[in-house]
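Model the full assembly from the supplied sequences, consistent with the hints where possible.
Here the protein sequences come in this chain order: A and B.
Remember, our numbering sits 1052 above the position in the first sequence when you count from 1.
Remember, our numbering sits 98 above the position in the second sequence when you count from 1.
Hint data in this document are derived by calculation from the structure and do not stem from the laboratory.
These numbers were taken from a predicted model, which means no experiment stands behind them.
Every residue, glycine too, gets a C-beta built ideally from N, C-alpha and C.
You may find that some hints are simply not true.
[What the hints assert, rightly or not] Each pair of labels, with its calculated beta carbon distance range:
(1) B:Pro170 x A:Lys1214: 25 to 33 Å
(2) B:Leu151 x A:Thr1344: 22 to 30 Å
(3) A:Glu1312 x B:Thr173: 31 to 39 Å
[Said to hold, decoys possible] Covered by chain A, according to a simulated footprint, are these stretches of chain B (three or more residues, beta-carbon under 8 Å):
(4) 128-134
(5) 160-167
(6) 179-188
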Amino acid sequence: MNRIADVVVVGGGIIGCSVAYYLAKKGVKVIVIEKKKGLSFGASGANQGGCALQLFHPPILELARPSLEIYRNLSQEIGYDVDYENTGSLVCSVDEEQYPDMQKHVEKKRRQGINVQLIEGDRLRELEPTLGGDVVAGVEEQEGGIMNPFKVNYGFAYAARKLGTEFFLSREVKKIERDKNRITSVVTDREKIGTNFVVNAAGAWASQIGKMVGISIPVRPRRGQIIVTERLPLNKRWRYILDADYLTTAFDLAAVEKSEDPRIRLGVAGSYVQENTGNWTIGSSRDFADYTTRVTMQTIRYLAKRAARFMPKLKSVNSIRLFAGLRPFCYVDGLPILSRLNSPRNFVIATGHAGEGVTLAPITGKLISELITEKTTSISIDAFAFSRFKGLN
Amino acid sequence: MHKRVHDIICRCEEITEREIRGAIRQFNLRTADEVKRLTRAGMGLCQGRTCALLVEKIISEETNRKVSEIFPSSTRPPVRPIKIEFLAKKEEKES
Chain A
1053 MNRIADVVVV GGGIIGCSVA YYLAKKGVKV IVIEKKKGLS FGASGANQGG
1103 CALQLFHPPI LELARPSLEI YRNLSQEIGY DVDYENTGSL VCSVDEEQYP
1153 DMQKHVEKKR RQGINVQLIE GDRLRELEPT LGGDVVAGVE EQEGGIMNPF
1203 KVNYGFAYAA RKLGTEFFLS REVKKIERDK NRITSVVTDR EKIGTNFVVN
1253 AAGAWASQIG KMVGISIPVR PRRGQIIVTE RLPLNKRWRY ILDADYLTTA
1303 FDLAAVEKSE DPRIRLGVAG SYVQENTGNW TIGSSRDFAD YTTRVTMQTI
1353 RYLAKRAARF MPKLKSVNSI RLFAGLRPFC YVDGLPILSR LNSPRNFVIA
1403 TGHAGEGVTL APITGKLISE LITEKTTSIS IDAFAFSRFK GLN
Chain B
99 MHKRVHDIIC RCEEITEREI RGAIRQFNLR TADEVKRLTR AGMGLCQGRT
149 CALLVEKIIS EETNRKVSEI FPSSTRPPVR PIKIEFLAKK EEKES
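This is the structure:
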């Protein structure tokens, strides 16, 4: 069967659905192709759903800030409640030696215009009695928030569908046909779709789509494992708590690979989010295991051990589910790829968001829609251009 | 909204049949995993061990397919709830 679309989006994750929504809002006819039976089956459906603004550095910070802005009113905009809550975040440490890193972090964040404050351990425990005696100090930031990633993903899809977007599920892209400079159609296992643009939002699978147009996209799956607990009463002040390892090792691939500490080598840095239901999700980890989404006992043990130090109360709490997901990780520099190619010139890449896909989904959709329908984007995306991988292509 | 007890499909999370059918229609859901993610049916302490078959039956009715054609919800460890302190413990066999 032959079909026609203005834009074919490959991937029904949070990025693909956001792109579809912002395009549909401009009157563009979009078809989203997803190989799984439903949406949100990759990294979008296997994360903790939070944006701790204080963790981001430029150039990602320049996208995270406006994305968070969009989140504040997203539920009203798309007509579906995505459970966004302005919880702020707390980055804290159980290691005296990290104290200078936290002081430096505070200075740096203030220069970037993020309102943060350093709070000593005893004061932290007064404000939040669930924090353990080992916690030395913490840095609070009030702009960040948490949201339900499934609801954001399906909310964008719901709003896009109302605007005429079609979703083709259980479809695999088999071939991308082109003439000299442009893609002409996308061939799936069931139909051929003639199109003016293709957006590659295939996440951890994006390099496979890239190959179909003869380019090498340096993105590979990076596994993250998560523990979910039963419900607990809501914390008083902080429901998004992070390990200060985020400031030193978690975002640094070299630090993770060089470390002598087996926990750091598995990329374990505590990230604790209490959902509005009271369940805690305990993360985070990062390792390369091809496309395996199994959990490993070694990583789960480190996650559990670390959680018990930050919040000893969690020790006697039941875990009800363990799972893993695959982040699309750009192994050249860890940054997203938001870019329109020169050849084929109607091929657009929107992936490589690593652990920031949920945070960056709204702004990514908005900017990619601008990239396709207008000549420029409202925020510069030069830092995320595909042309930075000169040696690879 | 007042929930009638006999309408509840997922007892752990107290999710009603009406909520499940509503989500399937609103979002064109086809799988038990999607229903779980959007309604929380099967996300509670028993992880769907009680309600999974009922949810699959509802999806089959809503989508005019046989129950055997409905993609079942993914099962993940642990088989039963297990305390975080036990997960944190090193097994004795290990060095």
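Unsatisfied constraints (hint numbers, rising): 5
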